[in-house]
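Protein chains: 2
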Amino acid sequence: MTKEILYLKIAKAIAWQIKKGVWKAGEKLPSLRTISHENGVSLNTAIQAYYELEKEGFIIACPKSGYIVNYKPLRQSVPETTQPPVRFAGEEDEDLITEVYSSIEDMSVTRFSLGVPEDVLLPIAKINKELTKAMYSLPGNGTRYEDPQGNSRLRKDIARFTYNWNGNLTEDDLVTTTGITNAISLALSVIAQKGDTIAVESPVYFGILQLATSMGLRVLELPTNPVTGIDPDALKKVLPQIDLCLLISNFSNPMGSCMPDEHKKAIVNMLAERDIPLIEDDLYGDVFFGASRPKPCKAFDEKGLVIWCGSFSKTLVPGYRVGWVAPGKFKNAIIRRKHIHQISTPTLNQEVIARFLENDRYENHLRKLRHELHTNSLHFAQSIRDYFPEDTKLITPQGGFMLWVELNRKADTTELYRKAMQQKISIAPGRMFTLQDQYRNCMRLSYGQRWCPFIEERLMLLGDIIKKSL
Amino acid sequence: MTKEILYLKIAKAIAWQIKKGVWKAGEKLPSLRTISHENGVSLNTAIQAYYELEKEGFIIACPKSGYIVNYKPLRQSVPETTQPPVRFAGEEDEDLITEVYSSIEDMSVTRFSLGVPEDVLLPIAKINKELTKAMYSLPGNGTRYEDPQGNSRLRKDIARFTYNWNGNLTEDDLVTTTGITNAISLALSVIAQKGDTIAVESPVYFGILQLATSMGLRVLELPTNPVTGIDPDALKKVLPQIDLCLLISNFSNPMGSCMPDEHKKAIVNMLAERDIPLIEDDLYGDVFFGASRPKPCKAFDEKGLVIWCGSFSKTLVPGYRVGWVAPGKFKNAIIRRKHIHQISTPTLNQEVIARFLENDRYENHLRKLRHELHTNSLHFAQSIRDYFPEDTKLITPQGGFMLWVELNRKADTTELYRKAMQQKISIAPGRMFTLQDQYRNCMRLSYGQRWCPFIEERLMLLGDIIKKSL
Numbered sequence: 264m265t266k267e268i269l270y271l272k273i274a275k276a277i278a279w280q281i282k283k284g285v286w287k288a289g290e291k292l293p294s295l296r297t298i299s300h301e302n303g304v305s306l307n308t309a310i311q312a313y314y315e316l317e318k319e320g321f322i323i324a325c326p327k328s329g330y331i332v333n334y335k336p337l338r339q340s341v342p343e344t345t346q347p348p349v350r351f352a353g354e355e356d357e358d359l360i361t362e363v364y365s366s367i368e369d370m371s372v373t374r375f376s377l378g379v380p381e382d383v384l385l386p387i388a389k390i391n392k393e394l395t396k397a398m399y400s401l402p403g404n405g406t407r408y409e410d411p412q413g414n415s416r417l418r419k420d421i422a423r424f425t426y427n428w429n430g431n432l433t434e435d436d437l438v439t440t441t442g443i444t445n446a447i448s449l450a451l452s453v454i455a456q457k458g459d460t461i462a463v464e465s466p467v468y469f470g471i472l473q474l475a476t477s478m479g480l481r482v483l484e485l486p487t488n489p490v491t492g493i494d495p496d497a498l499k500k501v502l503p504q505i506d507l508c509l510l511i512s513n514f515s516n517p518m519g520s521c522m523p524d525e526h527k528k529a530i531v532n533m534l535a536e537r538d539i540p541l542i543e544d545d546l547y548g549d550v551f552f553g554a555s556r557p558k559p560c561k562a563f564d565e566k567g568l569v570i571w572c573g574s575f576s577k578t579l580v581p582g583y584r585v586g587w588v589a590p591g592k593f594k595n596a597i598i599r600r601k602h603i604h605q606i607s608t609p610t611l612n613q614e615v616i617a618r619f620l621e622n623d624r625y626e627n628h629l630r631k632l633r634h635e636l637h638t639n640s641l642h643f644a645q646s647i648r649d650y651f652p653e654d655t656k657l658i659t660p661q662g663g664f665m666l667w668v669e670l671n672r673k674a675d676t677t678e679l680y681r682k683a684m685q686q687k688i689s690i691a692p693g694r695m696f697t698l699q700d701q702y703r704n705c706m707r708l709s710y711g712q713r714w715c716p717f718i719e720e721r722l723m724l725l726g727d728i729i730k731k732s733l
Numbered sequence: 264m265t266k267e268i269l270y271l272k273i274a275k276a277i278a279w280q281i282k283k284g285v286w287k288a289g290e291k292l293p294s295l296r297t298i299s300h301e302n303g304v305s306l307n308t309a310i311q312a313y314y315e316l317e318k319e320g321f322i323i324a325c326p327k328s329g330y331i332v333n334y335k336p337l338r339q340s341v342p343e344t345t346q347p348p349v350r351f352a353g354e355e356d357e358d359l360i361t362e363v364y365s366s367i368e369d370m371s372v373t374r375f376s377l378g379v380p381e382d383v384l385l386p387i388a389k390i391n392k393e394l395t396k397a398m399y400s401l402p403g404n405g406t407r408y409e410d411p412q413g414n415s416r417l418r419k420d421i422a423r424f425t426y427n428w429n430g431n432l433t434e435d436d437l438v439t440t441t442g443i444t445n446a447i448s449l450a451l452s453v454i455a456q457k458g459d460t461i462a463v464e465s466p467v468y469f470g471i472l473q474l475a476t477s478m479g480l481r482v483l484e485l486p487t488n489p490v491t492g493i494d495p496d497a498l499k500k501v502l503p504q505i506d507l508c509l510l511i512s513n514f515s516n517p518m519g520s521c522m523p524d525e526h527k528k529a530i531v532n533m534l535a536e537r538d539i540p541l542i543e544d545d546l547y548g549d550v551f552f553g554a555s556r557p558k559p560c561k562a563f564d565e566k567g568l569v570i571w572c573g574s575f576s577k578t579l580v581p582g583y584r585v586g587w588v589a590p591g592k593f594k595n596a597i598i599r600r601k602h603i604h605q606i607s608t609p610t611l612n613q614e615v616i617a618r619f620l621e622n623d624r625y626e627n628h629l630r631k632l633r634h635e636l637h638t639n640s641l642h643f644a645q646s647i648r649d650y651f652p653e654d655t656k657l658i659t660p661q662g663g664f665m666l667w668v669e670l671n672r673k674a675d676t677t678e679l680y681r682k683a684m685q686q687k688i689s690i691a692p693g694r695m696f697t698l699q700d701q702y703r704n705c706m707r708l709s710y711g712q713r714w715c716p717f718i719e720e721r722l723m724l725l726g727d728i729i730k731k732s733l
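Residue numbers (this note's numbering), protein chains in the order written: chain A, 264 to 733; chain B, 264 to 733.
Mixed in with the good hints there might be a few duds.
Since the list can't tell identical chains apart, any single copy or any two copies may satisfy a pair.
What the hints assert, rightly or not - With a Cα cut of at most 27 Å, we get these calculated DSSO-like pairs of lysine-lysine:
#, residue 1, residue 2
1, 673, 457
2, 594, 457
3, 687, 730
4, 731, 500
5, 592, 457
These aren't lab readings, by the way, just hints derived from the structure by calculation.
Model the full assembly from the supplied sequences, consistent with the hints where possible.
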């Protein structure tokens, strides 16, 4: 019996108990650990069972108090696995991306389109303190060039955090970068040739599509489940056609899906059989709402083919541009490429983050951030249920910053963007996240802003605009 | 009559006067302005005339006191225009570059190989002060993403400085980058395709060779004069074969040559006729020892084909990684490429430099830096004359950080590097600066360290090692 079936079995049993009134609305459910012990299953399986129940509207996750039986069965339904046409050609809607980006610095706009945490969610005062300390402690006060591999103190700190998922990486396995986009750009430059085929999720973060097409790669968008991410069977079918693969394994942008360990392992293995490198964008892995950090695919990498990329831009300081890559067997090529194309990363920025990561500060900050974002996600989901059309589909993600909202087939979110902007509300239309003509009835909403009555009003107004436009 | 012949005419007249005793050893010569007025020529022509006299050993430039008649005719002679084989193939000596770089962080080594200013030459305390101010003045204390084109205050400041050479650029014409290497990398990515042919100086900074070959470009190294830079006639001959050109127009690395305005103009025009883009690396243009900043090729660009690149790494803060590019007609493509491959440059770093550039501080700092480097270059040249073999050739450059030293044909500077490293002296062997098998008897020495008796001792020791090895 596979784990996947196990979690469904547990979910069904609890759903039955809720329907029969064994667990009453508002009651607290057993902890994940209890479910895990009682059923003799892994914590991960227990989490998946609760995800399933949440998805079905039976329970709600409440930060710090666990899972609670929902008051009323939700009308919400969940988007299906996507079925993108598995073909080449197609292109980004560049004008649309530019249009949406043009509103990104306008503070008078409610930017549901913006995928970064708001200032108030960041430990800015503490970062400033470390900046002053870093300045005076670095040789030459940070004016000197850094080792091409990056600040070794920072690499050590990042390596230390991989203990969370038994990564067992050392500082020597890591290279720091100017943000995760720079990490992915370096990885692509080293492993991909013009004309190569890259497999990605669909929908997928438009920045990845732009990176791939700017380098002349052919992009294959694959069916993706909103809960479990890319479909391993779909990937298996195209293996003979692809040269590399790029996945946002944990809390993907824009779907919020998180690949189960089994999928991660299976995909790493099937790629390894054909020596196909996997670039893993793990930008959101640390922003989990469940009990523990999901493993990255890197955890299952035996051949050094997984290029694990991360960053502090979504959790600490977007503007410092500090990311990293664990390039596996491509390490020397990546260091060389980094050195040749940028000499080194900015010295001071990395030292500040390195200092901050020490003494549990990062873990404490992440705990607060996760809690706030989780609460936000629940508020957003509730408002969408309350104010958006009845047939709106969404799933409350188990981590990250985004909600993927699927409207009625007739909806056109590009048009909706323009209408909403007249009311100073910015959304990210679905068409941005694909090279094909699809997802026109979908949109990505970011909940990286602190919840307040104003945000609820804006969601209500957005719901009105949607209803009027249909 | 061309300007080139004019300056030679003036130089010859003064040389004749010195030989005849009109001007006596130790006497101060008329100022450049006087020469310019008296002869009815441009300041630039006067400078070139004095360069010529200095090169011939008739005069010595003394910072703050002008030009002085030399006490004794120097035995020094100047390297000839290089004659690299104009052909493809050839490759970097990657192992050698790695070997030389491995000593770059060892502070116990006297690093004549290092092309950056020593800490003591940088205004670190003032930079630190601006860092603290920038931190508190930026929205979100510098944690937010920056405009993809870069900090507009910094762009404005850089634009302001182009008034020095009638650049008339505005902030809108500029894009900031993570150092100049990033600027050149962006430019190459946007204008060059794999297999394209790029014309460069020879010898040329190895980083440029690495960039070009890492992108699959074919490199044509062209004959280069140690005083006037790349030979326009040689470039003219290969025009039908090349797709782009890259020149370090002012105080080139490693030769120290500075193209006369006439050459700049002629080259810009001949490239423009064929719509060939020119990437101009103007990293050292602000570190001039003469009366005024030499113009970049950009000053003669009418078609927007010159991509002018600069940086603060050699004058202010290497570790901050702040550079810029004025991409001409390629501006939108460069901004797009920058945004797609790195989102934005680090916010805080750019603001610090922007603040520093205001209120004349940069100009004051540059004045001191130029004076110190000029003095250094003269000390170095004197020590080389005193301690190196008689047949050593070099020219004291009129700006920048480097001396190009040509030894006897029998010398092997790669071997010399290893012998010198046993005495903890690091040099940059000539073979690093070409893809061909040439310049094995040459080396680059940087004078970016503050002059002191110890440096003189090290140069004396280096001279001994050279003499023993021949």
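Please work out whether the CA atoms of residue 592 and residue 457 approach to 27 Å or closer within one copy, between two copies, in both situations, or in neither? Cα proximity of residue 592 and residue 457: in one copy and across copies (21 Å, 25 Å).
Please work out whether the CA atoms of residue 687 and residue 730 approach to 27 Å or closer within one copy, between two copies, in both situations, or in neither? within (17 Å within a copy, 76 Å between copies)
How do residue 594 and residue 457 come out at 27 Å by Cα distance, when the copy is not named: within, between, both, or neither? Answer is both; intra-copy 21 Å and inter-copy 23 Å each pass.
If the cut is 27 Å between Cα atoms, do residue 731 and residue 500 qualify within a copy, between copies, both or neither? Neither way: residue 731 and residue 500 sit 42 Å apart in one copy and 68 Å across, limit 27 Å.
Up to 27 Å CA-CA - residue 457 versus residue 673, copy category: neither (38 Å within a copy, 45 Å between copies)
In terms of the numbered hints stated before, the structure departs from hints 1, 4, listed from lowest to highest.
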